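Trainee: Sequence:
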Amino acid sequence: VEVSERKPHHLDLVGSLSSTDGLDLKGNWEHRNLFGPAEKLRIDGKISGIGSNDLSQLNYSAGVMFEKPGVVGPASKFFAGVNTVLEHPDAYDHFSVKGNTGLSYELDRQQTVSAEVALDYSKITDSFGKHTYLIASVPLRYVYDNRDSRLNPTTGFRALAYAEPSYDILNGAAFVKLRGEGSAYQSLDAASKFVLAERVAIGSIIGAGLQDVPADRR
46 VEVSERKPHH LDLVGSLSST DGLDLKGNWE HRNLFGPAEK LRIDGKISGI GSNDLSQLNY
106 SAGVMFEKPG VVGPASKFFA GVNTVLEHPD AYDHFSVKGN TGLSYELDRQ QTVSAEVALD
166 YSKITDSFGK HTYLIASVPL RYVYDNRDSR LNPTTGFRAL AYAEPSYDIL NGAAFVKLRG
226 EGSAYQSLDA ASKFVLAERV AIGSIIGAGL QDVPADRR
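When we follow our numbering, the leftmost residue of the sequence shown carries the number 46, and every step to the right adds one.
Simulated from the structure, these hints should not be mistaken for laboratory data.
It should be emphasised that the depicted structure is a prediction, and the values quoted were computed from it without experimental measurement.
Keep in mind that the hints are not guaranteed to be accurate.
Listed next, the in silico PhoX-like pairs over lysine-lysine satisfying Cα-Cα at most 25 Å (straight line) [stated by the list, open to error]:
hint	residue 1	residue 2
1	122	168
2	222	238
3	91	71
4	85	143
5	91	52
6	143	222
7	52	113
8	143	52
9	113	168
10	71	52
11	222	168
12	175	71
13	122	143
14	71	85
15	222	175
16	168	91
17	113	143
18	143	71
19	85	113
20	91	143
21	175	143
Now the in silico label distances, taken between C-beta atoms and shown as ranges [what the hints assert, rightly or not]:
hint	residue 1	residue 2	range
22	242	60	26 to 32 Å
23	246	99	31 to 37 Å
24	242	177	37 to 43 Å
25	215	146	17 to 23 Å
26	117	207	18 to 24 Å
27	79	173	40 to 46 Å
28	59	160	30 to 36 Å
29	82	195	37 to 43 Å
30	174	59	18 to 24 Å
31	246	146	43 to 49 Å
32	190	142	28 to 34 Å
For every residue, glycine included, the Cβ atom is placed at its ideal position computed from N, Cα and C.
Generate the whole structure from the sequences, applying the supplied hints.
Mentor: Next comes the structure, spelled out in structure tokens:
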């Protein structure tokens with residue numbers, strides 16, 4: 046068996062066209078093994094809604110992400126990122142700039158935990174009016190995954206538990222976002238051409254009224 050390193054640079058450009066949503070364009074550039082010990086730098090960008098909206102209603106997003114494995118043992122990974130979004134869904138208009146940094150750790154082949162700190166500045170216009178937020182949060186995540194394949198599963202299940210304590214520095218509102226979800230897969234034939242998939246999810250936001258929670262987090 047011969048193995049070789051992949052090229053350090055990778056570029057993806059993708060376009061899609063919909064009769065309802067118009068033209069979407071997205072791309073990413075990735076630098077693998079940035080400093081030697083398998084670090085990764087990735088830059089993403091996307092424009093959507095071209096042709097279905099006027100120029101002032103186009104949706105934009107861009108981000109930079111850095112990952113470094115093996116920070117606290119070989120099963121750990123440090124990550125940090127900055128991203129910005131300008132979007133116009135039906136219910137609200139939203140602009141934000143967000144930065145985050147954290148650490149994920151593989152407890153074993155099936156279990157992964159992660160914790161991070163994030164700061165999100167956003168301006169939102171919705172049915173309640175115009176609002177500005179500066180939210181500090183601590184997203185916490187636990188994942189159990191025993192599927193036979195992450196890209197094309199035919200058996201097994203995946204469960205996720207998520208909690209995000211948050212505090213709006215500008216408006217003095219505190220809340221906690223909770224979410225749990227699970228998905229299961231079962232092959233119906235020996236060749237796994239037919240697979241039964243089920244998914245269930247539940248979530249809640251506690252500690253603040255509806256108007257105190259940004260529309261993109263509800």
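Trainee: Determine for every hint whether it applies to the structure shown.
Mentor: Results of checking the hints against the structure:
1. 122 to 168: 32 Å, violated
2. 222 to 238: Violated, because 38 Å separates the two Cα atoms, which is more than 25 Å.
3. 91 to 71: 4 Å, holds
4. 85 to 143: 20 Å, holds
5. 91 to 52: 24 Å, holds
6. 143 to 222: 17 Å, holds
7. 52 to 113: 18 Å, holds
8. 143 to 52: Status violated; Cα separation ~30 Å.
9. 113 to 168: Violated, at roughly 32 Å.
10. 71 to 52: Judged against 25 Å, a Cα distance of about 21 Å means the pair holds.
11. 222 to 168: This hinted pair holds, its Cα atoms lying about 20 Å apart.
12. 175 to 71: 29 Å, violated
13. 122 to 143: 20 Å, holds
14. 71 to 85: Holds - the C-alpha atoms of residue 85 and residue 71 are around 19 Å apart, at most 25 Å.
15. 222 to 175: 22 Å, holds
16. 168 to 91: This hinted pair holds, its Cα atoms lying about 20 Å apart.
17. 113 to 143: 20 Å, holds
18. 143 to 71: Holds, at roughly 19 Å.
19. 85 to 113: Since the Cα atoms of residue 85 and residue 113 sit roughly 7 Å apart, the hinted pair holds (cutoff 25 Å).
20. 91 to 143: Roughly 16 Å separates the two Cα atoms, so the pair holds.
21. 175 to 143: 19 Å, holds
22. 242 to 60: 26 to 32 Å: 28 Å, holds
23. 246 to 99: 31 to 37 Å: Since the Cβ atoms of residue 246 and residue 99 sit about 35 Å apart, the hinted range of 31 to 37 Å holds.
24. 242 to 177: 37 to 43 Å: Since the Cβ atoms of residue 242 and residue 177 sit about 41 Å apart, the hinted range of 37 to 43 Å holds.
25. 215 to 146: 17 to 23 Å: Holds - the Cβ-Cβ distance for residue 215 and residue 146, about 21 Å, lies within 17 to 23 Å.
26. 117 to 207: 18 to 24 Å: 22 Å, holds
27. 79 to 173: 40 to 46 Å: For residue 173 against residue 79, whose Cβ atoms are near 43 Å apart, the range 40 to 46 Å holds.
28. 59 to 160: 30 to 36 Å: 32 Å, holds
29. 82 to 195: 37 to 43 Å: For residue 195 against residue 82, whose Cβ atoms are near 24 Å apart, the range 37 to 43 Å is violated.
30. 174 to 59: 18 to 24 Å: The hint (18 to 24 Å, Cβ to Cβ) is violated, given that residue 174 and residue 59 are roughly 37 Å apart.
31. 246 to 146: 43 to 49 Å: 27 Å, violated
32. 190 to 142: 28 to 34 Å: Given a distance of about 32 Å, which is inside 28 to 34 Å, the answer is holds.
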